[in-house]
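Chain by chain, the residues:
Protein chains: 2
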Amino acid sequence: MDKERLIIDKFSNSFIGDDGAVVAHERGRLVYSKDLFCEGTHFRAGWLSMEEIARKAMLVNLSDAVAMNAEPKFVLLGLGLPKNTSAAQISALRKGFADVCDEYGVTIIGGDTIGSDKILLSVTIISRLRGKAVLRSGAKNGDLVAFTGELGGSLKGLRTLLNGGQVASNSRFKRPVLKDKFFYAAADKINAAMDVSDGLGTDLAKLCAQSRCGAKFIKRLSKHELNSGEEYEILFTFSTKNRAKILSLARKTRTKITIFAKITKGKFKSNARNHHF
Amino acid sequence: MDKERLIIDKFSNSFIGDDGAVVAHERGRLVYSKDLFCEGTHFRAGWLSMEEIARKAMLVNLSDAVAMNAEPKFVLLGLGLPKNTSAAQISALRKGFADVCDEYGVTIIGGDTIGSDKILLSVTIISRLRGKAVLRSGAKNGDLVAFTGELGGSLKGLRTLLNGGQVASNSRFKRPVLKDKFFYAAADKINAAMDVSDGLGTDLAKLCAQSRCGAKFIKRLSKHELNSGEEYEILFTFSTKNRAKILSLARKTRTKITIFAKITKGKFKSNARNHHF
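Protein chains in written order, with the working numbering: chain A, 402 to 678; chain B, 402 to 678.
Source of the hints: derived by calculation from the structure; they are not laboratory data. Just so you know, not all the hints are guaranteed correct.
Lysine to any residue pairs mimicking SDA-like chemistry, simulated, CA-CA at most 25 angstroms apart [stated by the list, open to error]: (1) LYS541/A <-> VAL423/B; (2) LYS668/A <-> PHE618/A; (3) LYS474/A <-> ILE417/B; (4) LYS484/A <-> GLY516/B; (5) LYS670/B <-> ALA610/B.
The whole structure should be built from the sequences, with the hints applied where relevant.
Structure below.
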């Protein structure tokens with residue numbers, strides 16, 4: 402299928418049209434992230450419009466870059482589309498990509514389109530570090546642990562969809578909302594971070610494993626908050642001495658944050674289940 | 402599924418383990434290429450071993466970089482694997498990736514693994530330009546047009562497989578052979594190039610369209626040579642004044658090349674069919 406001409410080539414810019422995209426970079430550190438977003442694995446046919454699919458596939462990838470304190474710049478798109486995909490669907494898909502590109506100032510520089518039974522998207526994001534890289538491995542003993550926004554909405558939306566119900570277009574399952582403004586502002590005060598994709602419990606366990614530390618809850622969270630995956634809120638840790646500064650930056654950027662645990666020595670074992678579809 | 406731990410994390414290096422891979426680059430030009438390689442689209446179950454699948458998915462991507470005069474450095478892997486994939490199959494897949502990484506000096510820096518009905522691979526390659534970027538758009542009026550190696554073997558292998566036959570492990574359909582040594586040596590004498598992925602006729606039409614030129618055949622080629630896709634030989638053009646130098650570099654690198662056309666003014670229309678699976 403030559404849907405490539407209909408989608409990727411429409412983002413016409415000086416990068417597109419050859420085997421690869423040539424990009425001149427200044428000396429510096431780049432961050433590369435890549436995620437697959439596929440029908441049957443991440444969503445079922447009918448759950449999301451083509452525009453929502455494009456939007457979410459982009460945002461879950463941008464989220465990885467943001468949570469490392471990197472600013473997304475370029476995108477490579479791999480698309481698998483069923484042969485019966487209509488012109489209107491392709492146009493909706495393109496609009497979803499284009500809207501996110503506009504909002505985040507990123508450019509699609511190339512990719513590949515194939516025919517496939519199910520819809521599949523592979524998104525690679527090339528980002529520039531804004532300052533220090535915030536890693537999963539940076540948590541320090543005594544750090545406070547917090548998350549942005551509200552958790553649970555994605556799992557709630559997923560359950561409704563699994564039960565055959567309808568979900569509003571602003572449901573977190575359909576439309577992640579990145580907290581890039583807060584995170585970029587606070588990044589130099591943050592020791593470790595990652596986005597909440599598998600569920601807070603599972604993701605905190607990953608962060609602790611990478612940081613070789615434990616964690617103790619100082620606030621009771623609901624099962625929904627602990628287990629809801631694909632939230633794309635940010636889980637992060639910071640020194641107690643930066644608490645006032647972090648809270649002030651959260652207020653300034655109108656970002657809700659919840660401090661819920663403390664980093665300890667030892668190991669952290671989550672008994673959280675991860676609720677992906 | 403957490404097959405990510407079984408595959409990508411096994412390529413343990415300082416890049417892996419976070420949301421994205423941080424890479425420090427010197428100032429310079431990088432080339433980004435991305436291709437999907439999927440069961441049902443590029444091969445059927447049983448046609449290729451897991452090792453051959455990994456190898457071919459990597460090589461078709463490295464081929465894009467080579468044909469632009471770029472040296473592949475880093476790889477991001479997106480893998481979709483059926484739930485019943487065995488440990489032996491995963492190990493074979495890993496060996497296929499590792500062998501290509503060793504041969505070409507590339508490092509897998511991250512990626513994503515999901516469960517899926519069919520095998521799907523999305524490979525992103527980050528390469529460094531060795532000198533000038535050789536593009537599809539560089540062909541000049543009067544240039545000679547040539548291709549490396551032999552064409553037709555991939556289509557022959559594909560037809561045998563489609564008819565239920567067996568194909569040797571060194572068939573071009575199973576195992577592309579890149580002509581990187583010749584191409585890197587000759588690149589500064591080459592005006593335009595691309596790899597032969599859709600078939601020589603179709604690919605020459607693409608090159609001519611990008612270069613806004615036509616082409617006239619000066620040698621008769623068989624239908625097999627013109628229509629065989631997924632060859633990963635290199636189609637390239639060069640000035641007649643560099644003919645002796647190109648032929649000498651081909652001899653030195655033991656690379657067969659066939660000069661078969663001349664770039665003209667006007668347009669080139671191929672009536673070639675492209676034989677992908």
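Status of each hint after checking the structure:
1. Of the supplied pair hints, the one linking LYS541/A and VAL423/B holds, its CA atoms being roughly 21 angstroms apart against a limit of 25 angstroms.
2. At most 25 angstroms may separate the alpha-carbon atoms for a hinted pair to count; LYS668/A and PHE618/A meet this at roughly 13 angstroms.
3. The straight-line distance between the Cα atoms of LYS474/A and ILE417/B is roughly 21 angstroms, inside the 25 angstroms bound, and the hint therefore holds.
4. Taken as a hint, the LYS484/A and GLY516/B pair is honoured in the structure, with Cα atoms around 22 angstroms apart against an allowance of 25 angstroms.
5. Under the criterion of a C-alpha separation no larger than 25 angstroms, the hint pairing LYS670/B with ALA610/B is consistent with the structure, at around 9 angstroms.
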